[in-house]
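J.: Protein chains in written order, with this note's numbering: chain A, 9 to 347; chain B, 9 to 347; chain C, 9 to 347; chain D, 9 to 347.
Hints in this document: simulated from the structure, not taken from any laboratory. Possibly wrong hints are sitting among the right ones.
Pairs count within a copy or across copies, as identical chains cannot be separated in the list.
In the BS3-like style, the derived pairs of lysine-lysine whose C-alpha atoms are separated by at most 27 Å in a straight line are [what the hints assert, rightly or not]:
| # | residue 1 | residue 2 |
| --- | --- | --- |
| 1 | Lys271 | Lys19 |
| 2 | Lys35 | Lys337 |
| 3 | Lys328 | Lys27 |
| 4 | Lys19 | Lys35 |
| 5 | Lys328 | Lys205 |
| 6 | Lys212 | Lys328 |
| 7 | Lys27 | Lys325 |
| 8 | Lys14 | Lys86 |
There are 4 protein chains.
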Amino acid sequence: MIIVMKAGAAKKDRDEVLKRIRELGYKPHVIHGTTRDVIGAVGDERGKLVLQSLESMHGVESVVPILQPYKLASKEVKREQSVIRVTDDVSVGGSQIVVMAGPCSVESEEQIIETALAVRDAGAHMLRGGAYKPRTSPYSFQGLEEEGLRLLSKAREVSGLPFVTEVVNPETVELVAEYADMLQIGARNAQNFALLKKVGQLRKPVLLKRGMSMTIQEFLMSAEYVMSEGNQAVVLCERGIRTFETATRNTLDLSAIPVLKQKTHLPVIADPSHGTGNYHYVAAMAYAAVAAGADGLMIEVHSDPEHASSDGPQSLKPSKFALLMERLKLFAAASDRTL
Amino acid sequence: MIIVMKAGAAKKDRDEVLKRIRELGYKPHVIHGTTRDVIGAVGDERGKLVLQSLESMHGVESVVPILQPYKLASKEVKREQSVIRVTDDVSVGGSQIVVMAGPCSVESEEQIIETALAVRDAGAHMLRGGAYKPRTSPYSFQGLEEEGLRLLSKAREVSGLPFVTEVVNPETVELVAEYADMLQIGARNAQNFALLKKVGQLRKPVLLKRGMSMTIQEFLMSAEYVMSEGNQAVVLCERGIRTFETATRNTLDLSAIPVLKQKTHLPVIADPSHGTGNYHYVAAMAYAAVAAGADGLMIEVHSDPEHASSDGPQSLKPSKFALLMERLKLFAAASDRTL
Amino acid sequence: MIIVMKAGAAKKDRDEVLKRIRELGYKPHVIHGTTRDVIGAVGDERGKLVLQSLESMHGVESVVPILQPYKLASKEVKREQSVIRVTDDVSVGGSQIVVMAGPCSVESEEQIIETALAVRDAGAHMLRGGAYKPRTSPYSFQGLEEEGLRLLSKAREVSGLPFVTEVVNPETVELVAEYADMLQIGARNAQNFALLKKVGQLRKPVLLKRGMSMTIQEFLMSAEYVMSEGNQAVVLCERGIRTFETATRNTLDLSAIPVLKQKTHLPVIADPSHGTGNYHYVAAMAYAAVAAGADGLMIEVHSDPEHASSDGPQSLKPSKFALLMERLKLFAAASDRTL
Amino acid sequence: MIIVMKAGAAKKDRDEVLKRIRELGYKPHVIHGTTRDVIGAVGDERGKLVLQSLESMHGVESVVPILQPYKLASKEVKREQSVIRVTDDVSVGGSQIVVMAGPCSVESEEQIIETALAVRDAGAHMLRGGAYKPRTSPYSFQGLEEEGLRLLSKAREVSGLPFVTEVVNPETVELVAEYADMLQIGARNAQNFALLKKVGQLRKPVLLKRGMSMTIQEFLMSAEYVMSEGNQAVVLCERGIRTFETATRNTLDLSAIPVLKQKTHLPVIADPSHGTGNYHYVAAMAYAAVAAGADGLMIEVHSDPEHASSDGPQSLKPSKFALLMERLKLFAAASDRTL
């Protein structure tokens, strides 16, 4: 931490700050500036956010953190890229771009099996589908719950695709984990720390979506929550942040991909369906995400989007998804990756 | 809903849309414009978000919702202002401005009792304090949990102030409800629907904080979640939204107060401590919130902010809080309210 | 500036950085941390943003500025509050809350004189009105230009109120200055540096509006542009920033008022009309701005808002404005100010 | 426009609205809903924003625009993609991805010529460089002005590359136009309507950057300003918007590319240097922009970024730029484009 003193702060105030820094287990180091003093507090500040409280002290103007507050997620701690194994056939973070595709919600056996076969035939590696749905309105369809999990399992059997599905409540995490190959934490729960801790206690890969107004640093802190409980198998997913722009449902922040690649060893995928909220823009943003360095994609596909019970406007029909996968191969190759 | 057709959309496409609107239980009404047709779909669209899926249909440019999607929270359903009773002595939404004050976290018996007495003497009506803390870092202090609830109860006994405290996990909601007078849903859990449903099943007043990137409409939808489970005792709390500005921790959106007053009958309070993140600005924003029409305030007070285990920089010392309460009386009076 | 080295950066890299810091005229000061070195560069960094370029050097992780980049606008340079004289009768920044009211655009002689008399009778101190209008659409009414200035002058004669009006082009600044008592720089031109320099060369008070996505620091840098050309008579105006919220046209950032009061000696006023974009919310936000410490208000008043050629939805009718002024007196008094 | 009446609005109020709609030259069309009436106003609403003023009328809840407010920039008016000719050799919007590269500011003859040759050899099609610099601080380097234009012309002579440079003041637009091949409007001037009109009166291609907090619709309205003055040669440039994220200087909104491609016939390029503010991320975002459908790129290249007088941290060295161009060919090919 760097503690910036006010211009003309009294020596007494500075001495109090130095004393407090030592009490907290850091070594202070004063730099005398032309108009003010600046104090470096040397010591591992991670996990000691308490230094921030120095801002309340007399004569202190501001406290500036220097170190990133995460450890396990950091590239400084683990230099080599993590490869997260989902099944024997599917791993995220290696040379293969992993595509997870399927409907927003599981609606019926026919729908999920038909879609699973379609996305498999187009080249997808995993099936996605919601059984527990966090909907903004209490009057919207809330998902088929355990029945949805059973249908997803049946679709896995038929198609051979492992599946990822969302968990929304610590109380049902274990139940979902019995069925699913990968557990998704949705954007609205990205700082639901009770839920993060719960999935951290399992040994099941976790797909962690970025919250709508989460900074990249906070995103990595949420990953750190899962990892600090013992589960290192975390895949990050950029899915759009909230900005003033309304032409898209969210603003897909693709620059988060190279930034994350610089800061963490965890794999990073992108969700252009939620990121744009409009099927017209999904293909362009899927290509762009791979070009930006994404390790995978999550894409909504629905055989009949006009009758979907959720997220119809952003779902691709299987035929359009197949075209997207064709073209995507070229972008994967341009990135020295396979699809 | 208004369905806007593309300029030059085929008659066939329009007919398909009309058919689909009827299938969904609405009555379509076409307006022929100079360059395009616009279709009104008449019927109660609340709870039928499914109309949005028309956006996937051929020839449709966009679908524009007209009605607000909430019912129970709406002023159209209940015209008169709701007054939420916490105890025989304290109600939020009446002529009295209700002030809830106390530390961010309960740290020790001495700390919480000392603070409770100080804020009571300064004129606060309720005590606030966190026993379960949703902290961004897994390495930060996570709260005293049930022990914290016991200390809050002791402070209530000594000071006579009822207390509000946060719930973070559906699994512990009932436990917290046994101790607390009011349950707080924090900003990070404002769209944790599992948690919202759980507090909706109790008969305990709920203080619902606005999520950091929640629109006012989504905020009311979260209130609707609680209310649709049967619990009508919801108080809304504006606590700052996330914007590009970094001079304050969040941007306290005081205009949300008159907007909410126009749309809902639920009481609205403001939290200038989290809203600014800096004790220097708390008093000014507390006065402004009351002038804007707030029904109450939540303010962090800590007897020793430099040693606080969380949120030190935004906590007021008891002496400053007492001065704030003095001046606040004038603003309450200017608003025809009492303190 | 603080230069943060990468963990494990080579000694050679650090030496290069030290050399470069000295070349740029600063004195380097190394703090050896547990995982990395941090270098303080001592010297007045204002006007030498070039230090930022150290971020390109090998082994450097980031460069963190410490000092605020403005001087003349800063409270460190001038401690006492500035009072900006507009006429013998009107000054902004003293004990009186100054209210500037009038239509968005000057439309006709009748309209501007009628409104000037109405706002004067209600207690306003200055007239506002646009002759040159920066409109988002080239097809919208662009203002009466010099004819508008003549009408404003006539309204000043009749009502006795001095007027403030917007300048949009360096080429017409001098012309406007011949008529107006105060020159307004609008939000869209808040970083139009050619325009800022031009008004800085005059000796006419300037009302500088905050840009829609300007940080408070950038806002003060724009004031610094005007002041560095010699014109110290700058009044700042918070008028709403752009956020994700759409219930209001902008988000009026009232916390900018106490923040600015802490950082600058310049007076600060608020514009609740543009800040909310909806006349329903103007009074509440006007009271709140004064409670937050504003030195004045700018409010749109139109005698016939339904027929206004711009900004009708946010304009108050004279009768509503008069009621607002009545109630505002109470809030001014609660703030130890007069109206 | 759609005018939404309040639930239970009086018939008298509705009749007033109908009358006013007719007065304004539109044909009203009432839809009787279950709880409220909705009125469609038929007629070309572009250039008649005045309908918005209906929001002030009694009984009106809101006014919802339906048509886009731009004409000349719209794909509805001109279906085929525009190709903007800069010189006989360089056109933007055709099958070739056009790359404009060079330093942020022109600093010296040696610097600009050296850089021009380097970017030409790496495959760039145009030179970029600032002679007039809109800097946030009045104390920062403001550009070499006309001397800079002379140096850019010399670099053009030596390298054969046409150049684009920024205009910041209507008073110097004609001077700049005598030297430059393309005129750039910077982000801070994107709603400087006096400047937009001025470049609209010339017959010189214009590179229009998106303002930091401009919606896509407003961006197209700024293009409309230029076009409505007669200059149709406009190229749009996405260069990052302002959001809460601070890991990058701006958030490069690549989804703006497919959205713009759907709405306008004008070419769209991206600026990953300003968009990220950090040279580490430039290559990834350049590839992504092309994959998203961009017609070109603007990239900052400086032979000695550590000594650059502006924007050092985001400038690439020539060797890194050459590598970027190599890899970019693959992404251009994957997009069926050439480089």
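J.: With reference to the structure, classify each hint as holding or not holding.
T.: Hints versus structure:
no.: 1; hint: Lys271 with Lys19; result: between (39 Å within a copy, 22 Å between copies)
no.: 2; hint: Lys35 with Lys337; result: neither (54 Å within a copy, 46 Å between copies)
no.: 3; hint: Lys328 with Lys27; result: between (65 Å within a copy, 25 Å between copies)
no.: 4; hint: Lys19 with Lys35; result: both (18 Å within a copy, 22 Å between copies)
no.: 5; hint: Lys328 with Lys205; result: neither (38 Å within a copy, 38 Å between copies)
no.: 6; hint: Lys212 with Lys328; result: neither (32 Å within a copy, 40 Å between copies)
no.: 7; hint: Lys27 with Lys325; result: between (65 Å within a copy, 21 Å between copies)
no.: 8; hint: Lys14 with Lys86; result: between (39 Å within a copy, 15 Å between copies)
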